[in-house]
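> The residues making up each chain are set out below.
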Amino acid sequence: MIPRFWRKIKYRYDIVGSVCENCGSKFYPPRNFCPICRRRSKIKEQRFNGRGKVLSYTIVHDTPDEFKLNKPYIVALIELDDGPIITSQVVCNPEEIEVGMRVVKTFRKYFEDGEDGVIYYGTKFVPEKIATNAKNF
Amino acid sequence: MRAGIVSYGTYIPRFRLSVEEIAKVWGENPDNVKAGLGVYEKSVPDLDEDTATISVEAAREAIERGEINPERIGAIFVGSESHPYVVKPTATIVGDAIGCGNRFHAGDFEFACKAGTAGIQACMGMVKSGMIEFGLAIGADTSQSAPGDPLEYSASAGGAAFVVGKKRVIAEIEETLSFTSDTPDFWRREGQPYPSHGGRFTGIPAYFRHVTSAATQIMEKTGYKPSDFNYAVFHQPNGKFPVRAARILGFTKEQIAQGLVVGYIGNTYSGSSVIGFSAVLDIAKPGDKILLVSFGSGAGSDAFIFNVTDLIENYPRVPAVWDKINSGITVDYGTYLKLRKKIRLKG
Numbered sequence: 001m002i003p004r005f006w007r008k009i010k011y012r013y014d015i016v017g018s019v020c021e022n023c024g025s026k027f028y029p030p031r032n033f034c035p036i037c038r039r040r041s042k043i044k045e046q047r048f049n050g051r052g053k054v055l056s057y058t059i060v061h062d063t064p065d066e067f068k069l070n071k072p073y074i075v076a077l078i079e080l081d082d083g084p085i086i087t088s089q090v091v092c093n094p095e096e097i098e099v100g101m102r103v104v105k106t107f108r109k110y111f112e113d114g115e116d117g118v119i120y121y122g123t124k125f126v127p128e129k130i131a132t133n134a135k136n137f
Numbered sequence: 001m002r003a004g005i006v007s008y009g010t011y012i013p014r015f016r017l018s019v020e021e022i023a024k025v026w027g028e029n030p031d032n033v034k035a036g037l038g039v040y041e042k043s044v045p046d047l048d049e050d051t052a053t054i055s056v057e058a059a060r061e062a063i064e065r066g067e068i069n070p071e072r073i074g075a076i077f078v079g080s081e082s083h084p085y086v087v088k089p090t091a092t093i094v095g096d097a098i099g100c101g102n103r104f105h106a107g108d109f110e111f112a113c114k115a116g117t118a119g120i121q122a123c124m125g126m127v128k129s130g131m132i133e134f135g136l137a138i139g140a141d142t143s144q145s146a147p148g149d150p151l152e153y154s155a156s157a158g159g160a161a162f163v164v165g166k167k168r169v170i171a172e173i174e175e176t177l178s179f180t181s182d183t184p185d186f187w188r189r190e191g192q193p194y195p196s197h198g199g200r201f202t203g204i205p206a207y208f209r210h211v212t213s214a215a216t217q218i219m220e221k222t223g224y225k226p227s228d229f230n231y232a233v234f235h236q237p238n239g240k241f242p243v244r245a246a247r248i249l250g251f252t253k254e255q256i257a258q259g260l261v262v263g264y265i266g267n268t269y270s271g272s273s274v275i276g277f278s279a280v281l282d283i284a285k286p287g288d289k290i291l292l293v294s295f296g297s298g299a300g301s302d303a304f305i306f307n308v309t310d311l312i313e314n315y316p317r318v319p320a321v322w323d324k325i326n327s328g329i330t331v332d333y334g335t336y337l338k339l340r341k342k343i344r345l346k347g
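Chains as they are written, first to last, in my numbering: chain A, 1 to 137; chain B, 1 to 347.
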């Protein structure tokens, strides 16, 4: 579990995905092979800017044990301004989210591996209208 | 050009808990508490926020505003008394999250509420010696307080990050010094979840002695008097101490008003004086002179004299610290207990 996570730290702490320079397709999580261009694929790592809008969302009421304290929480499909559609948690009250809403990345804790285990961090999103650290506040 | 602040960023969690809500649970009179402490509400971190996430958000704001290439940051020091790990530095998490590569000096500082300003001094030294181009100093906390303890009214969460360098400086550090002694006014032993403190009579030998000594000595060393400063910021464990320290030293209420943030977000510990200082930078004009004096229990104070430069005029300062302070939403005491994990769960 721990090695699996730390190999992905770069991609989870920020939205680092990949782009195929041959066809322009963008991927997150990053791919090292473009399924469209196949052997002509020219994959390059790219950091996406972390802004986008909510395409759809669901509110999770029945959670795995490790997320019991967080319920209800929101998982959304987010279309990044400069990247692909990604799945992420959106941090706000369920009544604050709506389709089409602008969101911005935020650095949060995913979960803790018990009281003495590793703490897993990564990217979540927060609505721009409540994000105090967004530029266009 | 002297070394100084190139950029700054802050982060204050969204939730607020009022004095009324706490006093109701413990059978105390909220008006007495507010009058006694000068604190009205405090910030509360979300379940998925801690010192590392607050540090990263503040650091990202500083990097974005200053248009700093993270790979040119040669040192990261995170000052806190609530590092998520006892062993494993918060600075490593910040480094990877801001993408500054792997070649940087890093470490976590702990000196109660002044570990953030200690980080600024360390970065300043490394910048001045030429070891690094930019250093990142962060003061952040999600401070602990036992339920029912008077500390519960003020112990809160937040942080500020500063990029220190010699180029594009918005506030140069003219002078800094520290006043330190072994004074056990407040402590937390290894493995203990909540801090302990000496109670009501520790103010004079701890806070006031260190803050006023550091402030007096830095003014003596530089030849300045209180009226030479446009703003002064003192560590804010509550709303009373910094006001009294200012009065003892000869500063006016107007000089400290902009940086006095404790009343509405509580004591953010390592973030406290540096969030206040950031609020001052939000409105500072070229030529302004600012005195910053932090305090950390145990005990010590770091004093700084900053001179604001012309570059601050074109430096992006929105959203301002006071905008962030005023954009909180309140939670009840039960939610606060859950958010701070003060409820013991089965299994």
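Treat the hints as calculated values from the structure; they're not laboratory data. Predicted, not measured: the structure shown is a model, and the values here were computed from it. Take the hints with a grain of salt, since some may be wrong.
Stated by the list, open to error - Rough simulated footprint, nothing fancy, chain B against chain A, three-plus residues with beta-carbon under 8 Å:
| id | region |
| --- | --- |
| 1 | 2-14 |
| 2 | 108-117 |
| 3 | 127-133 |
Note that the Cβ used here is the ideal one computed from N, Cα and C, for glycine as well.
> Among the hints numbered above, which are violated by the structure, and what are their numbers in rising order?
none
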